[in-house]
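Visitor: Line by line, the protein sequences are chains W and F. Position one of the first sequence corresponds to residue 0 (numbering that gives the first Met the number 0), numbered consecutively onward. Position one of the second sequence corresponds to residue 0 (numbering that gives the first Met the number 0), numbered consecutively onward.
Among the clues, some could well be false.
Unchecked claim - Mimicking PhoX-like on lysine-lysine, the simulated pairs with C-alpha atoms at most 25 Å apart in a straight line are:
#: 1; chain 1: F; residue 1: Lys315; chain 2: W; residue 2: Lys399
#: 2; chain 1: W; residue 1: Lys286; chain 2: F; residue 2: Lys315
#: 3; chain 1: W; residue 1: Lys370; chain 2: W; residue 2: Lys433
Worth flagging that the hints you see were computed from the coordinates, not collected in a lab. On a predicted model such as this, the values are computed, not experimentally measured, just so you know.
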Amino acid sequence: MRYIPTTQEERERMLAALGIQSLEELFQAIPSHIRSDPSRVLPEPLAESQLLRHMQELASQNQDTQALVSFMGAGAYDHLIPAVVNHVTQRGEFLTAYTPYQAEISQGVLQAIFEFQTLIAELTGMDAANASMYDGATALAEACLMACNAARRQKVVLPATLHPEWIDVVKLYLESQDIHVEILPFDGEAGTVDLTALTDDLGSDAACVVAPYPNFFGLLEPVEELSQWIHDRKGLFVMAVDPVAMGLLQSPGAVGADIVVGDGQPLGNAMAYGGPSFGFFACRGTKLVRRMPGRIVGQTQDLDGKRGFVLTMQTREQHIRREKATSNICSNQALNALAGAVHLCVLGPEGLREAAYQCLQKATYLKQCLKDIGIKTAFSAPSFREFVAAADVNWAEVNKRLLEYGFLGGLPLGQYHEDLDSCVLLSVTEARTKEEIDRFVHVLGGLC
Amino acid sequence: MATRSQIPLIFEHSSRGRRGYRYPALDVPETALDELIPAEHQRQQPPQLPEVSEVEVVRHFTGLSRLNHGVDVGFYPLGSCTMKYNPKVNEDCARMSGYMHLHPYQPAETVQGALALMHRLQSYLSDLAGLHETTLQPAAGAHGELTGLMIMRAFHKANGEDGMRKEMIIPDSAHGTNPASAKMVNYQVREVPSDDRGGVDVDALRAMVGPQTAGLMLTNPNTLGLFDENICEIQKIIHEAGGLLYYDGANANAIMGYVRAGDMGFDIVHFNLHKTFSTPHGGGGPGSGPIAVSQRLAPFLPEPIVAEQHGEFFFKRPSQSIGRVKSFYGNFGVLVRAYAYIRSLGEQGLKDVSETAVLHANYLMRNLQPYYELPYDRHCMHEFVLSGSRQKAHGVRTMDVAKRLLDYGVHAPTVYFPLNVEESIMVEPTETETLTTLDTFIGAMKEIAREAEESPDVVCNAPYETPVRRLDEAQAARKPILRWTPEH
Numbered sequence: 000m001r002y003i004p005t006t007q008e009e010r011e012r013m014l015a016a017l018g019i020q021s022l023e024e025l026f027q028a029i030p031s032h033i034r035s036d037p038s039r040v041l042p043e044p045l046a047e048s049q050l051l052r053h054m055q056e057l058a059s060q061n062q063d064t065q066a067l068v069s070f071m072g073a074g075a076y077d078h079l080i081p082a083v084v085n086h087v088t089q090r091g092e093f094l095t096a097y098t099p100y101q102a103e104i105s106q107g108v109l110q111a112i113f114e115f116q117t118l119i120a121e122l123t124g125m126d127a128a129n130a131s132m133y134d135g136a137t138a139l140a141e142a143c144l145m146a147c148n149a150a151r152r153q154k155v156v157l158p159a160t161l162h163p164e165w166i167d168v169v170k171l172y173l174e175s176q177d178i179h180v181e182i183l184p185f186d187g188e189a190g191t192v193d194l195t196a197l198t199d200d201l202g203s204d205a206a207c208v209v210a211p212y213p214n215f216f217g218l219l220e221p222v223e224e225l226s227q228w229i230h231d232r233k234g235l236f237v238m239a240v241d242p243v244a245m246g247l248l249q250s251p252g253a254v255g256a257d258i259v260v261g262d263g264q265p266l267g268n269a270m271a272y273g274g275p276s277f278g279f280f281a282c283r284g285t286k287l288v289r290r291m292p293g294r295i296v297g298q299t300q301d302l303d304g305k306r307g308f309v310l311t312m313q314t315r316e317q318h319i320r321r322e323k324a325t326s327n328i329c330s331n332q333a334l335n336a337l338a339g340a341v342h343l344c345v346l347g348p349e350g351l352r353e354a355a356y357q358c359l360q361k362a363t364y365l366k367q368c369l370k371d372i373g374i375k376t377a378f379s380a381p382s383f384r385e386f387v388a389a390a391d392v393n394w395a396e397v398n399k400r401l402l403e404y405g406f407l408g409g410l411p412l413g414q415y416h417e418d419l420d421s422c423v424l425l426s427v428t429e430a431r432t433k434e435e436i437d438r439f440v441h442v443l444g445g446l447c
Numbered sequence: 000m001a002t003r004s005q006i007p008l009i010f011e012h013s014s015r016g017r018r019g020y021r022y023p024a025l026d027v028p029e030t031a032l033d034e035l036i037p038a039e040h041q042r043q044q045p046p047q048l049p050e051v052s053e054v055e056v057v058r059h060f061t062g063l064s065r066l067n068h069g070v071d072v073g074f075y076p077l078g079s080c081t082m083k084y085n086p087k088v089n090e091d092c093a094r095m096s097g098y099m100h101l102h103p104y105q106p107a108e109t110v111q112g113a114l115a116l117m118h119r120l121q122s123y124l125s126d127l128a129g130l131h132e133t134t135l136q137p138a139a140g141a142h143g144e145l146t147g148l149m150i151m152r153a154f155h156k157a158n159g160e161d162g163m164r165k166e167m168i169i170p171d172s173a174h175g176t177n178p179a180s181a182k183m184v185n186y187q188v189r190e191v192p193s194d195d196r197g198g199v200d201v202d203a204l205r206a207m208v209g210p211q212t213a214g215l216m217l218t219n220p221n222t223l224g225l226f227d228e229n230i231c232e233i234q235k236i237i238h239e240a241g242g243l244l245y246y247d248g249a250n251a252n253a254i255m256g257y258v259r260a261g262d263m264g265f266d267i268v269h270f271n272l273h274k275t276f277s278t279p280h281g282g283g284g285p286g287s288g289p290i291a292v293s294q295r296l297a298p299f300l301p302e303p304i305v306a307e308q309h310g311e312f313f314f315k316r317p318s319q320s321i322g323r324v325k326s327f328y329g330n331f332g333v334l335v336r337a338y339a340y341i342r343s344l345g346e347q348g349l350k351d352v353s354e355t356a357v358l359h360a361n362y363l364m365r366n367l368q369p370y371y372e373l374p375y376d377r378h379c380m381h382e383f384v385l386s387g388s389r390q391k392a393h394g395v396r397t398m399d400v401a402k403r404l405l406d407y408g409v410h411a412p413t414v415y416f417p418l419n420v421e422e423s424i425m426v427e428p429t430e431t432e433t434l435t436t437l438d439t440f441i442g443a444m445k446e447i448a449r450e451a452e453e454s455p456d457v458v459c460n461a462p463y464e465t466p467v468r469r470l471d472e473a474q475a476a477r478k479p480i481l482r483w484t485p486e487h
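Chain F on its own, in the form it takes in the complex (with noise of 0.2 Å):
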């Protein structure tokens, strides 16, 4: 890591007067303000901004990017959030005049070439998914979630079904926005436990269901990054109690080529284009969450889709649709680089992308399994999730091995979650790693292992080579100081 000096924030840097850009001078003829702005509308305090010049801004800025961990600066292995390397020429292509300086309300003849781009990248999705038709809108996974579940209420309710269907299941496995985005259309969730090899207990799941089913929400391959094999069974037992599934996309990067999620039964899925299509995570977004739906859900879809005849290309309104989960059209500049990732790709390739993942998660996984617990011994998909259960014996929680894996340069899996799985840590290489970032990772989690039986210690108090050592989260939270104050 860069540096362990503190860099000053921004406003510490302000100097009366200063100032960064400059706009042309005004060239029209001046109105007095008051004859415009009645005075009870003027601001009286300007706002404190700091008043800095271009230069400082720019090694400010610089500064801080260098204390950041990305894909660009290493192995990134954190399980769900597929953080594989976010392709350069794919910024390049989003940042064409033509695709930036657009605005959404332009005339349809004038952006023929966005709107093209778009109608090939639903139909690309709803061929990956094997359902009927996509929408581009939601901005994230879990927007993608909601307005997933809002289709679901839409289609009970004009089935004359919406009173009595007000149960979403969801796994225990099941990522955190599954429940909460259940909760924001008045769901009421119910949990299914796992069984004994990390899938649905479908048993249990058979007990639950009934007239008061909404549907089922599923990861497949789920967060063990096991895929269920009781997929086809699980999905009769939904549309026989006249439910709906879901399918929840974060683990599309094991599977295409695979097997698609409308084959698996599922009715609505989303993709997290900045997961599996390589679109960059941008420090926590934008993202962006398209759903593809089944054709007796086609016309619940948000509006607008882009539809297509004789060539010319136009938004549409579905005819029973939801309405509109967002402004304009979606995250559209993270449309074109993942637009241009599967262009790059092709069909092959995204297969062998896939197969390169899944391929690296087992080898990362064996190669662990002799020093951390493996909960579930069996292949697994593109991900998978180790207990820390030895090392706590030593008095080693997972949250140390993570810290101490910073000092490695590695940025630490995903840890405590899953949730049914006890110190859990969730590994995902993905597919552009290479077998030597591979071979170094699993030497340091080796290592991390014997420094937790010999000095336990040393792990407990890690990291040491970090800009900061560890952090005080529980005062953070008990007395907030969530803004710069010249007191603070």
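Chain W extracted, bound-state conformation (with noise of 0.2 Å):
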């Protein structure tokens, strides 16, 4: 049978070293009234052959975005992803071993992951990190939970720029522990947060502010105010990054952010549907480092005096402190968070900058040639990789008419809000050619 070794004679040899005739006594404490009936929907078995003809079929009835050229976002991006990642990722000791309990023989997953904190940690300019979450939006609702913990508040302050699955991610988590939500809203002409909204009865109570960076519409938050504002009203500042971005933006740490966390997809991950990927989680200072949920890896020594690493400050998580952990958390995106490593090993600082220089570039070419076609940008403040185009048509049905010319067009943002209703956000990696700008450009100009 498949993937069962046991041949008919050892089953035979193994009942009769138990001393009972037939398998069905190993299941006798399951009472027969409640036994399985047989299956009306599980499939026949497939030889090899059969299901990669049938997993093959089944792909060949997407449209994938090797075939079509994306200029989609939103939290899924089509960044170039160097060769190394996959290999290394597909080694079997990398990728058949789970959670390293027993350190010895985990050296390679552990040293991984002490290298990824590190570079977790050098990205957003904070003290240490951990070994990753599941992705950007629960990494998120973490944060704010430990902020909330933390500061001894039950309120957290969202911006409306915020990506919308998040908002209802961390609104979900946080009303679950009956904390209140807070959503500020941004500024219409800006399209970032409102600093008018920014009042003392909002912020006095507050446990944090969350300022992504860039936003969901791909535009830079002022954070600078917003750490102040909060800091000054002792609660804690909280950052949502871009991993790209940081080859080039502030780092949080200079701007004052207590907890950076985001979504590693962009670093050496396939966007595979939306997942997986993985969610980072960094913070300040020693005493936030010991309220961080999920796994930590710590250098330490064995016997002989060498260097070696071990999971750490386990006495926050749920295995020992059951109720008492600072989160659920238990199986992380470790082979996602590896690829994340990788990526930014090859890349090196030089390549991250590139990278992030290109995709600021080329987005803005195509803001340029855009609005040479008469399609304006929305807002006002500086972007990054994304911006939200307006003109007045039904974006649902241009992108409709861009599929037939192999493009994926823009993301259409009337389904979130109301007034954007004419506006779509658009995404440029750095995969993206100068050549497929302008054919973008050319048939998006024939539909508008």
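Both chains are given apart, each in its own frame, so use the hints to dock them into the complex.
Guide: Right, here's the structure in full:
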């Protein structure tokens, strides 16, 4: 039988060793009246070659972004992935290991995570990072919970410019613990948070304010002002950053962030229809570190005095503390974090800056070209890799036509904000060429 | 194990100006940076990433991988984690461009294959759970627990009972994630003790329930590897009190084709696709923890779920949805692998999996019983728990036995869990191991039991053959070094 090596003869030998006649005896604890009926849903087994044919057939019913030229972003990005990333993550020793509970035979994963933690701490300008979270949205939810525990307050301020799905996730996590969420409106002209809404009333009992950097519209939030405002009111400053942007944009550490999270998909992880990616989570100072959720790897030494790595500060975690743990998280996204680490290592500081710079320049180029054909930019704040374009068209319909030309258009924003019915969120990564951008603009010009 | 020499950190390879990857030259007209990004938004200090070549990166991570044990390397009987073989063909499937390079916001008409796959997987899992509807969103088992409990709370709230139903009952043998998840939705945890057969103490449970009971979280077979024979009685007690039953599916590898959680009376079930359905654990993730629910709970599922009409697949929001537990639609790449696994095995194959996993576990248990204390002497399911109490009498702790096993090229079983067995050793061999491997493991455990009696020091100072020797965990926790700096 598939993936079961036991032969009939061995089966009988084992039964004999157990002194039983049939396998059924081993299942006698299961009451007979609740036993399974035959399934009407489960399929017949497929041999490997049949499986591959079936899977290829299903896959061919999708139009992937190798075939389509994508200008879609909004939380998942078509970045270039160096070939080495996939080769490292396919090593069976990484791929088929579990959480490194036995450190002596898990130094590979442990050291890789230690390096990952260092890379994330460097990217974010924080003192320490954990071994990763499920994704950016859940990392932010946990960051807000951590801020509430640290500040001993029960209110969180989220900007309306945060990704709408992240708002949903954070609200659900917080409201499950009866924590109050306030949504900070945005300035309709700038596209960033409305600073006049930052009142004393709002801030005086807030555990934290969150700043997406860049925000859902691709724009740079006034992070220094937000940092100052919340710190004056003894709350924490939480930033949700794009990791590629960190090659060019201000370090969160430099603007006073206390906790920094983000989604790691842009670092070496294919979009894979939205997952798996990884969330990263970093914070400032030794006190906050001990409140972090998730696995953390630390350096130590062995009996012979040799450097080694272990899971550490486990008294925060569910398997030790149970209901007193800082979080229920157990598995993280280690393999995706490894992909992120390898990606950052081959890029180096120059490569990361180059990726960010090219995104910025190419997005700017598209912005200019659209302006030339009468499609305006909706907001005035500076942007990074994404921007909002506005035209009096039905963007869902335009996108359908674009598909006919082999383009995946931007995300229509009317579904999220009524006033943004004429708006679309466009993303341009370093993977787009001038020729693709020119062709896109040409086709779009004909449709608008 | 491969090597005893220390591998430098990647940062220690760094040489100024070296690079491992080049982008094509910028092909669009440039605008001055200061015109685009105001000075206060420009990074002053570049992050200190290593500056290394491609070959250095490859050698570095290949070197690290060789310090690591995985299922591809050898036996991994880590109880409760179901470290079965991860079929290679499933990796090939997940890497097909039509799955790997999809944007989550592509129009539905361009991703019908992906949606069809998800829709079928939802129905397979609902069927295996014996329940009505499934969400694929949760990213891991613990995330599934959290989602399930959010649904439970939403259900009680819809019935106007959220204010009074504040208690979650959890057995003393439960996974740590259960109480931790309950806390994440503000439930108070009440622990129910085990009886002398290793199951839930039914009388204690009966005395515990009332109008304050939100529900019960249970693993069955439980973490002792024992099927709770009183499950029908247990579900009656909880349901009569107005509570709901949550099934922690960590141990589902034991029962496929034999019994379904829904038929046991459970209302909510999570599956660990990275355990039961063979997707690789990746050194600690990504996992995937879909949950299936009964008909009355289906309206509360997180959004979106995949629906079908006239052969077209699309996303929909359940009518009273709790909202979103994650961005997008779950760990899709993991779903592809699990789907491929189910298609490979089919119904009979899945039943064979459980049968063989249970047979292997019983074979190991009975062969180890002469050498280690077996606290619950009855047939086990897919795993079993020994106690190291006999070895402890010689000054050898369970942790020492675990470390000595590493010298035999075997990953140690889960140790010191469950908490209700002294010096516990939890062994889960899975169905994908050969009889030769099982016999070799028995031989190693026997030898270690002998050493524990005759030369306990040998065991207490193990391991000897691993890339590093026993590591000082206390020091790591006392003076945390959590990142590389040039000084360390």
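Visitor: Now look at each hint and say whether the structure bears it out.
Guide: Consistency of the hints with the structure:
Proximity of F:Lys315 to W:Lys399 is assessed by CA-CA distance (about 20 Å); at most 25 Å being required, the pair is judged to hold. Distance restraint check for W:Lys286 and F:Lys315: the Cα-Cα separation of roughly 43 Å exceeds the 25 Å cut-off, and the hinted pair is therefore not satisfied. Distance restraint check for W:Lys370 and W:Lys433: the Cα-Cα separation of roughly 16 Å lies within the 25 Å cut-off, and the hinted pair is therefore satisfied.
Violated hints amount to a single one, hint 2; each of the other numbered hints is respected by the structure.
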